[in-house]
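Q: Sequence:
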Amino acid sequence: MFSTLPVPIIQAPMAGGVSTPELAAAVSNAGGLGFLAGGYKTAEAMRAEIHKLRALTDRPFGVNVFVPGDKTVDEKALERYRAVLAAEAERLGATVGEPKWEDDDWEAKLDVLLQEQVPVASFTFGCPDKAVIAALQKAGSFVIVTVTSVEEAHIASEAGADALCVQGAEAGGHRASFGNDPKQDEAIALFPLLADVRASVRLPLVAAGGIMDGRGIAAALKAGASAVQLGTAFLRCPESGAHPLHKQALADPRFTETAVTRAFTGRPARGLANRFMAEYRDLAPAAYPHVHHMTKPLRAAAAKAGDPERMSLWAGEGYRLARELPAVELVEELKRELEEAQGR
Numbered sequence: 007m008f009s010t011l012p013v014p015i016i017q018a019p020m021a022g023g024v025s026t027p028e029l030a031a032a033v034s035n036a037g038g039l040g041f042l043a044g045g046y047k048t049a050e051a052m053r054a055e056i057h058k059l060r061a062l063t064d065r066p067f068g069v070n071v072f073v074p075g076d077k078t079v080d081e082k083a084l085e086r087y088r089a090v091l092a093a094e095a096e097r098l099g100a101t102v103g104e105p106k107w108e109d110d111d112w113e114a115k116l117d118v119l120l121q122e123q124v125p126v127a128s129f130t131f132g133c134p135d136k137a138v139i140a141a142l143q144k145a146g147s148f149v150i151v152t153v154t155s156v157e158e159a160h161i162a163s164e165a166g167a168d169a170l171c172v173q174g175a176e177a178g179g180h181r182a183s184f185g186n187d188p189k190q191d192e193a194i195a196l197f198p199l200l201a202d203v204r205a206s207v208r209l210p211l212v213a214a215g216g217i218m219d220g221r222g223i224a225a226a227l228k229a230g231a232s233a234v235q236l237g238t239a240f241l242r243c244p245e246s247g248a249h250p251l252h253k254q255a256l257a258d259p260r261f262t263e264t265a266v267t268r269a270f271t272g273r274p275a276r277g278l279a280n281r282f283m284a285e286y287r288d289l290a291p292a293a294y295p296h297v298h299h300m301t302k303p304l305r306a307a308a309a310k311a312g313d314p315e316r317m318s319l320w321a322g323e324g325y326r327l328a329r330e331l332p333a334v335e336l337v338e339e340l341k342r343e344l345e346e347a348q349g350r
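For my numbering, add 6 to where a residue sits in the sequence shown, where the first one is 1.
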């Protein structure tokens with residue numbers, strides 16, 4: 007699969023409206039692999055995006071789906087957090103959303119992946135069972151599972167995945183861990199993790215986490231990756247569906263660092279450190295997607311009010327290197343930097 011890509015660059019699937027068909031098509035047309043994000047939308051909305059993407063490119067592309075997690079949560083902790091958020095919601099003129107578990111239309115999305123015979127299907131927050139992976143492969147899909155540890159890499163390998171996306175601690179957005187246990191929140195940096203996984207499984211690897219330029223891509227390829235996945239690097243592209251305030255914040259000097267928090271969704275995720283994160287990061291329980299649903303109205307109200315201090319501004323550690331370029335131009339520039347770094 008990766009050997010057929012003219013450029014070994016994968017645009018990360020960023021849920022929440024960021025990974026638009028236009029962005030994915032631009033990256034694929036430039037020789038990379040564009041991705042749609044199935045998370046937080048219905049199966050039919052995902053299908054509509056696949057159709058729109060196919061009208062924009064005849065190149066391979068990928069679709070990412072969230073694997074449902076554990077329903078069990080600490081209800082008392084959720085209620086405590088809900089009470090704490092109530093005052094914040096009032097200041098924003100909003101109400102706290104209803105905490106609930108749902109499977110993000112899992113079965114229906116699997117049906118769409120099979121019916122649409124997508125070139126690449128990838129998974130986050132877990133690994134589908136062998137039967138699901140085998141069915142997708144029979145339908146013609148190349149299956150990638152995102153992992154954050156050697157243990158997860160073994161699980162995905164044994165389930166029959168074609169390749170692994172190895173996500174390091176530097177990555178922006180949600181950590182793709184199979185579980186959501188605070189006792190296992192320690193994350194491993196990309197290059198040590200890449201080395202450990204490479205020594206443990208015999209599958210092609212995609213490196214993800216904090217890579218923003220050609221030198222970073224070259225280093226990951228030299229370390230054993232077959233391709234490199236970039237997300238934050240594409241956030242400021244005009245084709246990106248990121249909120250304008252999110253795009254502006256990446257270049258705003260008042261946002262000086264990133265941090266990992268459960269405050270917005272109940273799962274660890276890296277974003278620009280802002281007031282909401284500072285005030286609530288130690289209070290949010292490990293409850294996903296419950297907390298996501300609770301804070302969704304607050305985040306929407308903050309965006310409407312033009313207040314980035316209360317938005318989830320997902321970003322990787324290299325966010326300052328994000329460039330405001332059309333996606334095709336960005337891929338071309340990354341390719342030029344890669345060739346320069348490789349001495350070609």
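Note that these hints are calculated values from the structure, not bench results. The beta-carbon is built from N, C-alpha and C at its ideal position, and this holds for glycine as well. Keep in mind that a hint or two might mislead.
As the list claims (entries may be wrong) - Derived pair list, reagent style SDA-like, types lysine to any residue, alpha-carbon separation capped at 25 Å:
{"id": "1", "residue 1": "47", "residue 2": "209"}
{"id": "2", "residue 1": "228", "residue 2": "258"}
{"id": "3", "residue 1": "228", "residue 2": "185"}
{"id": "4", "residue 1": "58", "residue 2": "161"}
{"id": "5", "residue 1": "136", "residue 2": "195"}
{"id": "6", "residue 1": "144", "residue 2": "228"}
Claimed, not checked - The following label-pair restraints were derived from C-beta to C-beta distances:
{"id": "7", "residue 1": "113", "residue 2": "61", "range": "40 to 46 Å"}
{"id": "8", "residue 1": "311", "residue 2": "123", "range": "42 to 48 Å"}
{"id": "9", "residue 1": "106", "residue 2": "288", "range": "20 to 26 Å"}
Q: Evaluate each hint against the coordinates.
A: Quick rundown of the hints versus the structure:
For the hint pairing residue 47 with residue 209, the CA-to-CA distance comes to about 30 Å; that exceeds 25 Å, so the pair is violated. Pair hint residue 228 plus residue 258 does not hold up; C-alpha atoms about 33 Å apart against a cutoff of 25 Å. Only pairs whose Cα atoms come within 25 Å are accepted, and residue 228 paired with residue 185 is rejected, the gap being roughly 30 Å. The suggested pairing of residue 58 with residue 161 is violated, with an alpha-carbon distance near 34 Å, which exceeds 25 Å.
Among the hinted pairs, residue 136 with residue 195 is inconsistent with the structure: their alpha-carbon atoms are about 29 Å apart, more than 25 Å. The hinted pair formed by residue 144 and residue 228 fails the criterion: a straight-line CA distance of about 32 Å is larger than 25 Å. The supplied range of 40 to 46 Å is broken by residue 113 and residue 61, whose beta-carbon atoms lie about 27 Å from each other. A hinted range of 42 to 48 Å holds for the C-beta pair residue 311 and residue 123, which are about 43 Å apart.
Distance hint check for residue 106 and residue 288: the Cβ-Cβ separation is about 23 Å, which falls inside the suggested range of 20 to 26 Å.
Comparing the model with each numbered hint stated earlier shows that hints 1, 2, 3, 4, 5, 6 and 7 do not hold.
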